[in-house]
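Peer 1: Protein chains in written order, with the working numbering: chain A, 1 to 58; chain B, 59 to 197.
No lab work stands behind these hints, which were simulated from the structure alone. All values reported here derive from a predicted model rather than from experimental measurement. Careful, some of the hints might be misleading.
Stated by the list, open to error - Example chain A residues on the side facing chain B (calculated, C-beta under 7 Å, incomplete):
{"no.": "1", "residue": "P4"}
{"no.": "2", "residue": "R7"}
{"no.": "3", "residue": "N32"}
{"no.": "4", "residue": "W33"}
{"no.": "5", "residue": "V34"}
{"no.": "6", "residue": "E36"}
Stated by the list, open to error - Label-pair distances were calculated between CB atoms; the ranges are:
{"no.": "7", "chain 1": "B", "residue 1": "P192", "chain 2": "A", "residue 2": "Q53", "range": "27 to 37 Å"}
{"no.": "8", "chain 1": "B", "residue 1": "Q140", "chain 2": "A", "residue 2": "E39", "range": "27 to 37 Å"}
{"no.": "9", "chain 1": "B", "residue 1": "R70", "chain 2": "A", "residue 2": "I28", "range": "14 to 24 Å"}
{"no.": "10", "chain 1": "B", "residue 1": "A67", "chain 2": "A", "residue 2": "I28", "range": "14 to 24 Å"}
{"no.": "11", "chain 1": "A", "residue 1": "I55", "chain 2": "B", "residue 2": "D109", "range": "21 to 31 Å"}
{"no.": "12", "chain 1": "A", "residue 1": "M1", "chain 2": "B", "residue 2": "F73", "range": "38 to 48 Å"}
{"no.": "13", "chain 1": "A", "residue 1": "M1", "chain 2": "B", "residue 2": "T72", "range": "21 to 31 Å"}
{"no.": "14", "chain 1": "A", "residue 1": "I28", "chain 2": "B", "residue 2": "R81", "range": "23 to 33 Å"}
{"no.": "15", "chain 1": "A", "residue 1": "L12", "chain 2": "B", "residue 2": "S190", "range": "22 to 32 Å"}
{"no.": "16", "chain 1": "B", "residue 1": "F80", "chain 2": "A", "residue 2": "I14", "range": "23 to 33 Å"}
{"no.": "17", "chain 1": "A", "residue 1": "I24", "chain 2": "B", "residue 2": "S121", "range": "41 to 51 Å"}
Where is the CB? At the ideal position from N, CA and C, for every residue including glycine.
Here is what each chain is made of, one letter per residue.
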Amino acid sequence: MSPPPARVFVVLVIELEPPDEHGIAGTIEHWNWVEEDSELRQAPINWNERYNQLIWSR
Amino acid sequence: MNTPEELGALVRATFVGETGEFRPCAVFDRALDCIRVITADTSVTEIRVNDLLTVLEDNYPNSNSRKYVGFTIKGARHFCQQRSFNLTIPIKLTELLDAILASTPDPFVRVVIDGIARPLVEEKKIEPVSLSGPVPRAA
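For reference, chain B alone in the conformation it holds in the complex (with noise of 0.2 Å):
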């Protein structure tokens, strides 16, 4: 593989049939252990609340979006591990940003979850994910 065109063609190859509209949706990054809940199809820049939470602010807003449109859960399998989670199934994202404002006294955290975070998952309808299935090793 040479040039982007070919790039292009392998891509477009890898995902045919599997391209639709974009739909709000939680992501486990297991390569990375990191839930990403994006719930518009729009640039964003990471502004991170805190070792665990990260937020996902939309680069161009119009006035009728939101300012947030997502967020990130970083070693959000380790943390669900340290907290007995049951990890066969798939992982209620209330029950874990519940878990994780139960982990930390700071009011930042709970401005964010109670005002940003939660909202989207209720309002967006966000399914549990999962976080079964082996962890990457790494190269």
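If we strip away everything but chain A, and leave its shape as in the complex, we get (with noise of 0.2 Å):
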């Protein structure tokens, strides 16, 4: 089964600071498709106003 067009699977990871006695980092509270920004390729849609900063794009 391909992915659906024109949407992103965004994963929310929330971070343990500092990581617990494991050496675990940050949990998945989330994950989801949703739709594909219309300006930046690969983003979910408004992305801009979903983070504070562009850290990496392809």
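With the hints as a guide, bring the two chains together.
Peer 2: Here it is as structure tokens:
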């Protein structure tokens, strides 16, 4: 099954600071498909409202 | 735990005896303060409607299935507290949807609630959802 077109898979991770006793540095809270942003390919729609800054893109 | 096989074994062991057929349901995600209503066991895309409401669109619909198979209500507990819902008993989703409608003049929200969310709740007989219990603290 191919990924749905014009969609981006988003994973919401909460950082554990400091890491716990097992060395785990974060937990996955949620994951989902969202629409792709119309200007920045492979970024979630309205990415600049979701995140403070762009740290990486293709 | 180092391998995918070990992870898989851990997950299976955690949910042993709890697997079964999918059924439409509403669940409250305490960590994210979000109610999720899902009526089909399928991959979905989250389409934001407004600050509170998001609809879930089936990624692989067929001719016999619905395009929208669920919705989420973000900040659900906070919203209910603001409007003096009794959180010691499960919340009826139709009442919560009514309160969301009353909170906004946006006609698009009305279309989504009356055309998508409320029919899903009523036709799939989604049971009330409990928002009680402690709110997890941020790490």
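Peer 1: Determine for every hint whether it applies to the structure shown.
Peer 2: Going down the list of hints, with the structure as the test:
1. P4: 4 Å, holds
2. R7: Check passed: Cβ of R7(A) comes within 5 Å of chain B, closer than 7 Å.
3. N32: 5 Å, holds
4. W33: Since the shortest Cβ distance to chain B is 4 Å, the answer is holds.
5. V34: 5 Å, holds
6. E36: 10 Å, violated
7. P192(B) to Q53(A): 27 to 37 Å: About 33 Å separates the Cβ atoms of P192(B) and Q53(A), which means 27 to 37 Å holds.
8. Q140(B) to E39(A): 27 to 37 Å: For E39(A) against Q140(B), whose Cβ atoms are near 35 Å apart, the range 27 to 37 Å holds.
9. R70(B) to I28(A): 14 to 24 Å: The hint (14 to 24 Å, Cβ to Cβ) holds, given that R70(B) and I28(A) are roughly 18 Å apart.
10. A67(B) to I28(A): 14 to 24 Å: 19 Å, holds
11. I55(A) to D109(B): 21 to 31 Å: 25 Å, holds
12. M1(A) to F73(B): 38 to 48 Å: Cβ of M1(A) to Cβ of F73(B): about 23 Å, so the range 38 to 48 Å is violated.
13. M1(A) to T72(B): 21 to 31 Å: 26 Å, holds
14. I28(A) to R81(B): 23 to 33 Å: 25 Å, holds
15. L12(A) to S190(B): 22 to 32 Å: 24 Å, holds
16. F80(B) to I14(A): 23 to 33 Å: 27 Å, holds
17. I24(A) to S121(B): 41 to 51 Å: Since the Cβ atoms of I24(A) and S121(B) sit about 45 Å apart, the hinted range of 41 to 51 Å holds.
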